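Peer 1: The primary structure of each chain is shown beneath.
There are 2 protein chains.
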Amino acid sequence: MSLYVGFTGAPLDRAEPARHDPAMLAALAANPAALLLDMTDFVPGVADGALAWTPLTPLPAEELLLLGLIDNIPRFARIDPGAVAAKRTPELMALLDSLAAGEAGVYATARSVLDWHARHRFCANCGARTAPHHAGWARLCPVCSTEHYPRTDPVVIMLAEFEDRVLIGRQASFAPGRYSALAGFVEVGESIEEAVARELHEEAGVVATSVRYIASQPWPFPSQLMIACIASVADDVVTLDLAELEDAKWVSRAEVAASLAAEPDAVFGAPPRYAIANSLFNAWLGEI
Amino acid sequence: MSLYVGFTGAPLDRAEPARHDPAMLAALAANPAALLLDMTDFVPGVADGALAWTPLTPLPAEELLLLGLIDNIPRFARIDPGAVAAKRTPELMALLDSLAAGEAGVYATARSVLDWHARHRFCANCGARTAPHHAGWARLCPVCSTEHYPRTDPVVIMLAEFEDRVLIGRQASFAPGRYSALAGFVEVGESIEEAVARELHEEAGVVATSVRYIASQPWPFPSQLMIACIASVADDVVTLDLAELEDAKWVSRAEVAASLAAEPDAVFGAPPRYAIANSLFNAWLGEI
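Chains as they are written, first to last, in my numbering: chain E, 755 to 1042; chain S, 755 to 1042.
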């Protein structure tokens, strides 16, 4: 697939068997070539447009997150239960935008797991303090033995389409002029297609008649799975939910193309390249 | 879309604004027509092929889960923090199979949220006991103010395809003769397509060259989002991960059709109609 999707393409072999085999894990950690990702407060170290790694020095087992293998070299990150996630600043996002998607995908994997550890130190089932388990890919409760796994929260992000125009919206928190696709969390008891239809109806009052899947992306703030779709809708009458959106409007192919190209007279500011909303606009243009 | 997918099509208006508006919620609960889903230990009451409801009697706010509206009538379920989920017995699955998909979808919504409450009574961030919030669609920690939301765990389920045959596998726990599509949880830091490729490689040693999305389904045991795909693979040489699969084999369209029709000489027992694996086989046959 030639569509560019940010945060995909991490060149990781996740080496999943080592998560369940303490001897295999110990051998990877003892490998003199093993590397540790530089991730203080979840901001990546970057050198020459790539993630920065340092030689792995011995760490307690409960601080070791096995990311996997890259170029057959074991790769780890350090679980710091006291870590406080750095905010998603424009500087951080510019830094990630300077990385190739595959490098950003490695960062995404590490960030989502480390941030989950920092925010899930206790057992949701019984309240006891838990400890990292399975090479950092789980936490185990020593009291009730419940295993907890990192969350991956599916989110639908979609363009409503009517007579060769698509609906874009902006939240009050967006930068001036910026518009994007509409989005929302998939809830239990609904399919992707039903979540797309529900969110479009809740936020914009439009009625989906069919939904087609386009692409997906991991989004590490903190751990969404972004699922991009295009929905045909029954008409173009919009009823905004002002609690969710400040404005919404229909745009043509020419207007989307001008915005993606950041032309001076573009009618909206497009989402950045690393966001799947950008890929979704490109996919829609490519579907002609 | 004419493809049958179990657990989809719930006729629920989720009435999301009422989750955030105590007065609106109270009005729905006070509506004399309001109904309560019969869900003792998460087994649905069923009458005449449909879910059984009883008139809502006053409940403490922290026991009220607002499912939404059906036919403009408010629908609730009762949050019982002491509930113990009934096992997924053949009897329960036969009961669900007797329901239309939309009815099973309402059950799926209720079961996933109620089961989440029963297993998430404490704050993962600080260990304090939490309480239901937002009409049962969240839990709030009274100590650190963290809001917790129900989990929806994305799972990929896929057929590897090579030269007009697809790969099916069986776990040791399956009923004799039963085979299905391969499956696994989507992890943080990967897209749907990457999860499909990783799982196929981990479990069967095959290499995906392209992945196409087919359909999705909520699965309420406890709260998966099943994402069904077909992956073209580079060859048909299978290397089984025996920790995951007991056997795998390639089957033709005729063999899949015979299995779906439960013909006596079928080479495998197909998954039941309510499982998206069944829909996936039907989609593959329909793609000819």
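Among the clues, some could well be false.
[What the hints assert, rightly or not] Here are some of the chain S residues that sit facing chain E, going by a computed Cβ distance under 7 Å:
1. 846
2. 847
3. 863
4. 904
5. 972
Everything labelled a hint here was simulated from the structure, so no lab data went into it. These numbers come from a predicted model, not from an experiment. Glycine included, every Cβ here is placed at the ideal spot set by N, Cα and C.
Peer 1: Taking each numbered hint in turn, which are not upheld by the structure, reported in ascending numerical order?
Peer 2: The structure breaks hints 1 and 2; every other hint is satisfied.
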